[in-house]
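Starting from the known structure of chain A, fit chains B and C onto it as the hints suggest.
Spelled out, the chains give:
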Amino acid sequence: MRGVGHAKWAACAAAAVLAATACGGGGGGGDAGAVLSSSWGDPQNPLEPANTNEVQGGKVLDMIFRGLKKYDPKTGEAKDMLAEKIETSDSQNFTVTVKDGWTFSNGEKVTAQSFVDAWNYGAGLKNNQRNAYFFAYIDGYDKVHPESGEQSADTLSGLKVTGPLTFTVKLSQKFSTFPDTLGYPAFAPLPRAFFDDHDAWLKKPIGNGPYMVDNYTRGSRMSLRKWEQYPGPDKAQNGGVDLKVYTDNNTAYTDLMAGNLDLVDDVPAAQLKNVKSDLGDRYINTPAGIIQTLAFPFYDNDWSKPGSEKVRKGLSMAIDRKQITDTIFQQTRTPATDWTSPVLGEDGGYKAGLCGEACEYKPDEAKQLIKDGGGLPGGQVKITYNADTGSHKQWVDAVCNSINNALDNDRACVGNPVGTFADFRNQITDRKMSGPFRAGWQMDYPLIQNFLQPLYYTNASSNDGKWSNEKFDDLVDRANAETDTAKAIGLFQQAEEVLRDEMGAIPLWYQNGSAGYSDRLSNVELNPFSVPVYNEIKVG
Amino acid sequence: MGRYVVQRLLQMIPVFIGATLLIFLMVNVMGDPVAGLCGDRECDPATAARLRHEFGLDQPVWQQYATYMGNLFTGDFGTAFNGQPVTELMGTAFPVTIRLTVVAILFEIVVGIILGVVTGLRRGRPVDTGVLLLTLVVISVPTFVTGLLLQLLLGVKWGWIDPAVSSEAPFGELIVPGLVLASVSLAYVTRLTRTSIAENRRSDYVRTAIAKGLPRRRVITRHLLRNSLIPVVTFIGTDIGALMGGAIVTERIFNIHGVGYQLYQGILRQNTQTVVGFVTVLVLVFLVANLLVDLLYAVLDPRIRYA
Amino acid sequence: MPDQQQPYEPERAVAGTGMGGQMDLGASEAITLEKAPESPDGTGPQDRPRSLWSDAWHDLRRNPVFIISALVILFLIVISVWPSLIASGSPLKCDLAKAQEGSQAGHPFGFNGQGCDVYTRTVHGARTSVAVGVLATLGVAVLGSVLGGLAGFFGGTGDAILSRITDVFFAIPVVLGGLVLLSVITSNTVWPVIGFIVLLGWPQISRIARGSVITAKQNDYVQAARALGASNSRLLLRHIAPNAVAPVIVVATIALGTYISLEATLSFLGVGLKPPSVSWGIDISAAAPYVRNAPHALLWPSGALAVTVLAFIMLGDAVRDALDPKLR
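Residue numbers (this note's numbering), protein chains in the order written: chain A, 1 to 540; chain B, 541 to 847; chain C, 848 to 1175.
I should point out that these hints are in silico values taken from the structure, not numbers from a laboratory. Computed from a prediction, not measured in an experiment: that's the story for all the values here. Think of the CB as a built atom: it goes at the ideal place given N, C-alpha and C, for glycine as much as any other residue. There's no promise every hint is true.
[Claimed, not checked] Result set (DSS-like, lysine-lysine): computed pairs, CA atoms no more than 30 Å apart in a straight line:
no. : chain 1 : residue 1 : chain 2 : residue 2
1   : A       : Lys382    : C       : Lys940
2   : A       : Lys273    : C       : Lys945
3   : C       : Lys945    : A       : Lys367
[To be verified] Derived coverage of chain B by chain A (criterion: at least 3 residues anywhere in the stretch with Cβ under 8 Å from a Cβ of chain A; other residues may be distant):
no. : stretch
4   : 567-581
5   : 584-590
6   : 623-633
7   : 685-697
8   : 703-715
9   : 786-793
Here chain A stands alone, though its shape is the one from the complex:
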């Protein structure tokens, strides 16, 4: 996952996982056979579980697959789904027992082998799976997915099937919360049909979730229907979902107003001011596990030299987050006061106010801090963003105006758009940034570890600013090895304080999921990954 942004194409997001759990269950009106229509974006990659790293493909996987774990749509807590139990004594060797009685929608039984085959496929270099790195903790990954050259093994040596419904996982290092990551769709089981006739499977994917694919027209629509024999507890409360591809979320919104569409899970920013009058209370706006930040190029001496943390802190204090989230985002974002997300909950490691005054709008102090830190490098900061996805220009301009007003200088901050997302990424990868740039994170799974390690650990895959701090790394290592959850979280929060003192990235705001729906629907909710909980929706 990654990144944020409401842009469909942004590669943003990670897949969301999700789904709802059996919370609702029965009761309440609604026509159990009625089908609802929902907006969709064309998935960027082929719809394989380990190959889907954006939210639109994730939406479908969430409906047609169930994994060992599933995140509670309300709390985000990882609960057993297909897992009977996952046991470990050393946080490194895990024994997984799969529940009996699950099948794929084509009748094939879900066994331990279904998982092991799927994971081996996902990790295999030759299969070009974008999410292969999810399997990197499993022993033998370096053979299946070497850094260069051909893979020397087809299967992960850390995975062993020990019975029809049991298998063992050996990790290459201690990772106490590993079981909680297994709700991510990359870890879904795959039927034999996936391997036997791959092309046919891609045209009409077969899974083990509450819905099955009835019809899929690439680039325009997908019809999903309730799978009546679904063995799980979270059966679909409606007859099915028709996903319609919209290339512009504004069109989807207009279609919703015209009564041609039931659910839009991405309300365009420009319409947020009108949702009350257009939809009344058929609008939801709930926190999601997404945070937006400004990263800095720490490979550039201007930003790594001593004293530059004062400049970064000053910039942070020059941003009036409240005003921007209220005005530009109409409260679909919340000013950030730490580097995680409220969806983790206090127990999960979210700590409001951890950032302290460094995230408060204090223009006078900001001015002084920047002066103390040696002033803005070159007298001006340019905030780089990609112009092709999302409406980043708006908030970047607003952030710059806020900084300019605080510093009393019309040109202290300017936006610096880059034409394409690929070019933006290339500039990051090639270390060509010279000032702050847009960064964001959509969680893969609701763990504080996921908000810190991939982003700020030395050389982590999404550490775009190449921030590096030994103390931080050490605290994260200790936290991962810690088997007591509360203690682990305490260590992660200490690491976060190190990040704050160095201002390794400026937290901007937490992003909410927002959705509007027609009066045919009820019980519409978004899970912490900002994906609608389809199986709970009642129609009629």
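The following block gives chains B and C in isolation, referenced to the frame of chain A:
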């Protein structure tokens, strides 16, 4: 005439090769597309290398081009990043866009020319001023706004149309999008016709025709209009590209999955195969369109001859 | 030759006779019109033959349409050079607290979505927009009509090559061209944008000019002049150009408006003018999605664009009329 057409058709070969090469290089210059495929995370180097190999990006440009052209002659236009063959994308996108373009061109021809004739015959009168004001509105208000407002008004408020066009995109649903798409070109066609009419109405042959006592309708359509159409026809010929490949905004507003959209996506994702494939077809469309325009010159003005 | 006769006058006169109203009268009206210029009641200095171009200038000076449009354009140029003459504030001074607010004291046009003063931004945006519109149009018109005119006049291989080049140019998507050609340029001036528009815009004018020249060269007087041994350059400049220029003027004046919008499209793609540039196009495209809530933020820059285009359309009309000997 026959020889002229054959000659023009033969010219298509070098143009075709030149255009594909040019577009190929342009997409190539944009840089490495693989970085955009892994989301906000850096692709792991091994996967990135595999992807580059799969898309043939690890070869020198000239070799990529040669391979591409070789495949092209066997009808293989390559594959988009999401695994869909480009021919399949073209198969769904072009029919829709062609229908949309036809609607737009009909608007240009029918509405544009009628307005042009009326205003050309009544220069300075209220109808002329009214049309001029409309022209200004069309030029200065973005298509995006026009489309959005029409969509809200006709689609939501009055319920006359569906705001989004279905994936089958029949002609009926394309009328409003076609009008929006044609709006700016309508302004050109109207003013071009108006000017030509105003100019030609004073020419000798019109005077002669009137002096002969021909009915005015006949004078206007056979004599005046026919001779005024050359600039208009030329313009419409040049406009086909803007209509087919550049309907990005219109296609987005009305959710039409056409050429503009595919091309735009292909460009932003730097997918050489998609972009070159679509542009290649567009170049062919232009070549044919401009050949037709040149032949039309001779029809409209018999003094023009092609050897 | 009643050279003081203004082009619009006869039509108004005709309208005044009560003959107007029905479309079918249009043609007969044309006859009346044509006769008027022919009547030999001219009292101007027709004994002193003037060139076509000085004739045209003589006409223009007395044409109120020309005078008004020229004054508007002059005004635009003045505020482009000295925007602070009428708007002293900074266009970059924005207060988000006032976002989308309407007109109020000291801020006649209200505020845009970022809380910037729309009046100040509209005035200050003139420089970029007028520069892009006028210079790009001039570039396109000159390059396009010269190349297209020559191709149409001489025909043959040169024409074939030029026409095929334009075919290729037409097919290059603006988005692709912009991302490729402009993204490598770091200069934040209007010149790369203007250059880009000229590069992609000339083929259209070129084809229009070519078509017009092909028609114009068939005219009897051109054939006659040729038979009399007129040189090619004389034929082109003296006989063909004045008769072929009308469509070019029409297309160019409208294109001027679309180029101003195109600049915004390029900025939107992240390859045009970078912030903190101010232009009508940038403000129009920023305000467009919010038209339901803050139409004023769209109205004023769009209005400024409309007035500019109107001025140039009228100017173009006046110039065209002045160049049309049949109107004289």
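Cross-check of the supplied hints:
1. For the hint linking Lys382 of chain A to Lys940 of chain C, the alpha-carbon distance of about 17 Å falls within 30 Å, and the restraint holds.
2. As the CA atoms of Lys273 of chain A and Lys945 of chain C are separated by approximately 15 Å, the hinted pair is consistent with the 30 Å bound.
3. The straight-line distance between the Cα atoms of Lys945 of chain C and Lys367 of chain A is roughly 23 Å, inside the 30 Å bound, and the hint therefore holds.
4. Restraint check on the stretch 567-581 of chain B versus chain A: 12 residues with Cβ-Cβ distances below 8 Å, three needed, restraint holds.
5. Closer than 8 Å: that is the beta-carbon criterion, and the stretch 584-590 of chain B has 6 residues meeting it against chain A, so the requirement of 3 holds.
6. Coverage of the stretch 623-633 of chain B by chain A holds in this model, with 5 residues showing a Cβ closer than 8 Å to a Cβ of that chain against a need of three.
7. With 5 residues having a beta carbon nearer than 8 Å to a beta carbon of chain A, the stretch 685-697 of chain B meets the requirement of three or more and the stated coverage holds.
8. By the rule of at least three residues with a Cβ nearer than 8 Å to a Cβ of chain A, the coverage given for the stretch 703-715 of chain B holds, with 3 such residues.
9. With 3 residues carrying a beta carbon less than 8 Å from a beta carbon of chain A, the stretch 786-793 of chain B meets the three-residue requirement, and the given coverage holds.
In this structure, none of the earlier numbered hints is contradicted; all agree with it.
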